[in-house]
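The listed protein sequences correspond, in order, to chains C and V. The first sequence begins at 1 in full-length UniProt numbering and counts up one residue at a time. The second sequence begins at 1 in full-length UniProt numbering and counts up one residue at a time.
For identical chains, the list gives no copy identity; a pair is met inside one copy or between any two copies.
In silico lysine-lysine, DSS-like type, Cα no more than 27 angstroms apart, as pairs:
(1) K208 x K181
(2) K121 x K243
(3) K208 x K220
(4) K181 x K121
(5) K167 x K106
Hint data in this document are derived by calculation from the structure and do not stem from the laboratory.
2 protein chains.
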Amino acid sequence: MVRYKAVISYDGTLFSGFQRQPEERTVQEELEKTLLRLNSGRPVRVHGAGRTDSGVHAYGQVIHFDLPQARDVEKLRFALDTQGPEDLDIVSIEEVTDEFHSRYTKHSKTYEFLVDNGQPKNPMMRNYATYYPYHLEMRPMQEAIGDLVGTHDFSGFTASGTAVENKVRTITRAELEVDEKTGFLVFTFSGNGFLYKQVRNMVGTLLKIGNGRLPVSQIKTVLESKDRNLAGPTAAGNGLYLKEIIYED
Amino acid sequence: MVRYKAVISYDGTLFSGFQRQPEERTVQEELEKTLLRLNSGRPVRVHGAGRTDSGVHAYGQVIHFDLPQARDVEKLRFALDTQGPEDLDIVSIEEVTDEFHSRYTKHSKTYEFLVDNGQPKNPMMRNYATYYPYHLEMRPMQEAIGDLVGTHDFSGFTASGTAVENKVRTITRAELEVDEKTGFLVFTFSGNGFLYKQVRNMVGTLLKIGNGRLPVSQIKTVLESKDRNLAGPTAAGNGLYLKEIIYED
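All chains, please: the whole structure from these sequences, using the hints.
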């Protein structure tokens, strides 16, 4: 048995997220379908580092799977890439020891969230950035986003009723920039793990701060109160990208 | 009767081009459907500057149409934009004299053509750039593209059997750059008019030159011979953008 780690990239628009679900088209299912063919009809289980939601994109999702024999990694990458669907790409594959697990091996993730605040929106990017039609001030958002950095209980930024017990996570980087070429807002978050819908809830809150309907101090208020009702709405998934995953070695 | 000129932007992926055709979803049809509603059920005819093909995108297509009464242009833009489909935007509207005609008033057009030469391709951009999986040398393409500038008979770069008799056009700008952020090749062409499939045929020929399967001198050869068979294949429409139209005043 040989274990492979792969970096994959996908357009989330036509996927019901990463994780296999009955009757839905998912990234995991598409990968397992292709691997089944490449493995002479024997099922291969794919494990992903993060369960991206419906509509969420990835440039650097990481998966692992086991095959009975060793393969040439470039040939394997090419086969998996070209025999799979158009909206899912295999960026790279490497052989790893069986101690590696895409989800449990310690890692940090970087997410990016794109917001189109143009008038009108860019129609080419309607599935690749979240459109926000209201006025936004950069300053308050840039001030508030810094409050997310550090080790906090992020209960107020996750969907209520989440099964995970420990909601303490560490964010090492939280930044907001404007892309010069597109004019889009680019939110970047890095950390050792993110709760369900956490990034989208943080962005939804920041946008309300930028629009002046919540004070700059609201991020702190949500972190301290752990109250989901004090945060902004969940931003749509189409602006979210799983950008990169870096594993500790 | 008041004439309006509008700049529009659309994602060509789900349109069968600009021009109205029976049983097909086209940009013209969508605009006329919305204008019919805004004009109390009386039909409004839309005239476009260029007939983009199926899959071809636009950031700066120009149209004109007549309405029986004067309207507030920003309200009209907003109504036409929000009541129309998601993949079609109204960037701006202005009132013009009835001497203006989007197609016949003298103008220059700029087209951009994006090529993804990455390994693997970017799945998010599969409908917004043409994927070219083979090796490309920039130098020969950059040398050859300059030969397109000037006034030439472009018969060798148009689809055979085109109805237009005069195939002499002037190209004022023809450039190839690499986008630093995406790594995509960006071909830019400006001129006083382009023949059917001309840009896609020019790009298809340049790509074959970049791949070493045609000599750098091939652009000159096609212009001089006027022979379509000596040019490269027609590049796919998904990489093509009608970028800007500038009218003489």
